[in-house]
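**Q** Okay, here's what each chain looks like letter by letter:
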Amino acid sequence: MKNYMKVEFSSVSQNESLARIAVASFISPLNPTVDELTDIKTVVSEAVTNAIIHGYEEDADQKVILECSINQSQVEIIIEDFGKGIEDIEAAREPLYTSKPEWERSGMGFTIMENFMDQVDIKSKENEGTRITLSKQLTSTKAICN
Amino acid sequence: MSLSVNFNVKESVLLVRLEGELDHHEATNLREEWQAQLAQNNVGNVIVNLEKLTFMDSSGLGVMLGRYKEIQAAGWEMVICSVTPEVRRLFDLSGMFKIVKLADNEDFALQMLGVAS
Chain A
155 MKNYMKVEFS
165 SVSQNESLAR
175 IAVASFISPL
185 NPTVDELTDI
195 KTVVSEAVTN
205 AIIHGYEEDA
215 DQKVILECSI
225 NQSQVEIIIE
235 DFGKGIEDIE
245 AAREPLYTSK
255 PEWERSGMGF
265 TIMENFMDQV
275 DIKSKENEGT
285 RITLSKQLTS
295 TKAICN
Chain B
9 MSLSVNFNVK
19 ESVLLVRLEG
29 ELDHHEATNL
39 REEWQAQLAQ
49 NNVGNVIVNL
59 EKLTFMDSSG
69 LGVMLGRYKE
79 IQAAGWEMVI
89 CSVTPEVRRL
99 FDLSGMFKIV
109 KLADNEDFAL
119 QMLGVAS
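Keeping their order, the protein sequence lines are chains A and B. Read in order, the letters of the first sequence correspond to residues 155 to 300 in the numbering used here. Read in order, the letters of the second sequence correspond to residues 9 to 125 in the numbering used here.
All the pointers check out, no bait thrown in.
Here are some chain A residues the structure puts well away from chain B; computed CB gaps all over 12 Å: (1) N185; (2) Q216; (3) E234; (4) I243; (5) A245; (6) D272; (7) Q273; (8) K277; (9) E280.
Only pairs whose alpha carbons sit at most 25 Å apart, straight line, appear in this in silico BS3-like list of lysine-lysine: (10) A:K254 with A:K238; (11) A:K238 with A:K279; (12) A:K254 with B:K77; (13) B:K77 with B:K106; (14) B:K106 with A:K254; (15) B:K60 with B:K77.
What the hints contain is simulated information worked out from the structure, not anything from laboratory work. Cβ coordinates follow ideal geometry from the N, Cα and C atoms, glycine included.
Could you put together the complete structure from these sequences and hints?
**A** Printed below as a string of structure tokens:
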């Protein structure tokens, strides 16, 4: 089964739960396990939060784009913003690193994405934006499709 | 689903019961309410009950760690209890329970803090 969706929403924090719910219902036909569903909701939340807090520095007038495609049991999620970009991608990937220590951030966003997904690709340019591609092969459907 | 927060005082312990989803959107409110509760009630030790918390991301970890640091700096203790498997995955990944105490349920947490339940 192949399917694709694209959602565009304002960069307001209320939409973090919208993004999680949209992806969770979109992938539900693949019958993900509870753990897989939790992992995917968590990484979507991390990436969308990053776009809002870091990309746009909480400017609510901007837009975040969320895309999701499924191909058999493969899930690919893209979260894109057109904000300020990541200055140092290597540093951002470091566990506990945060560019906003005064905001009580845990600095675990990318660590969580890398642990919960098979692959995390970060493309970012200063003052142009950031595009995060997250992919994961679901085990549940792999067994059924074989 | 949003977050609902219930604060309760039992002897010298502030009970914080969370229900729903804790993300960046909910984190700011939670932090402010929690800090206000600690300031207005004459309590020090804190139990955080996560039995009904169905989702948490790194913003939630940030709030927990932030309160832990404040509570510990003031010479008090914080215990987290009744963690669901979904939320547990995130705590395990972050190494949170290397520093914050974990209890199976609220009664055990109260006992750990020397309060008879």
